[in-house]
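For the sequence shown, the positions run 152 to 290 when our numbering is used.
Calculated from the structure, these hints are not laboratory results.
Every residue gets a Cβ at the ideal spot worked out from N, C-alpha and C, and that includes glycine.
Just to be clear, a hint being listed does not mean it is correct.
Unchecked claim - So the derived label-pair ranges between C-beta atoms look like this:
id, residue 1, residue 2, range
1, Thr252, Arg203, 13 to 21 Å
2, Glu172, Glu283, 14 to 22 Å
3, Pro161, Ser185, 17 to 25 Å
4, Glu256, Arg160, 31 to 39 Å
5, Pro280, Asp245, 17 to 25 Å
6, His273, His202, 31 to 39 Å
7, Pro201, Glu251, 14 to 22 Å
8, Gln214, Arg160, 35 to 43 Å
9, Arg255, Gln192, 18 to 26 Å
10, Ser211, Ser266, 35 to 43 Å
11, Ser266, Pro209, 20 to 28 Å
Unchecked claim - In silico BS3-like pairs for lysine-lysine, Cα to Cα no more than 30 Å straight-line:
id, residue 1, residue 2
12, Lys191, Lys264
13, Lys191, Lys259
14, Lys259, Lys233
15, Lys264, Lys233
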Amino acid sequence: GFQSASYARPGTRVLARQWIEANLPEGSVLVRESYTPTFKQSRIVVREAPHRFLSNFPLSDLQAQGVDYVLVSSGAFGRYFKDDLVAATERPEDARRYYETVFREFEKVAEWKPSLIRDGPHVLLYRAPWAENEEGPGD
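Can you build the whole structure from these sequences, using the hints too?
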């Protein structure tokens, strides 16, 4: 049935990793949070979000450290947009505002959505507003 079909096809994280490896300019700096793909050897520089969530990485630090892209997942940010999971962190409203800022001010480059035949979380790739625009995807 649908269950077995979803496991036969690549999930959202696999598709995201393949697309990112193929499309981001070499040397781009990307910060990933939990529930997003991991990267082994890569043409890009991949950093982990502190304590698993991008919202623990102040926006000013992202800019100061030259981060070009952020990779987020509904498995991580989704908890801050559900009323029953607000206890997931001490200050859920701060985390929620952080993600809302990213969604509003960063450019969505690509996203990978789960479906009946594709498993995994909703994964989204954003380009930072200060990132170089010359040769990035989506131009």
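**OP:** Mind listing which of the numbered hints don't hold for this structure, in increasing order?
**Re:** As far as the earlier hints go, 6, 9, 11 are violated by this structure, in ascending order.
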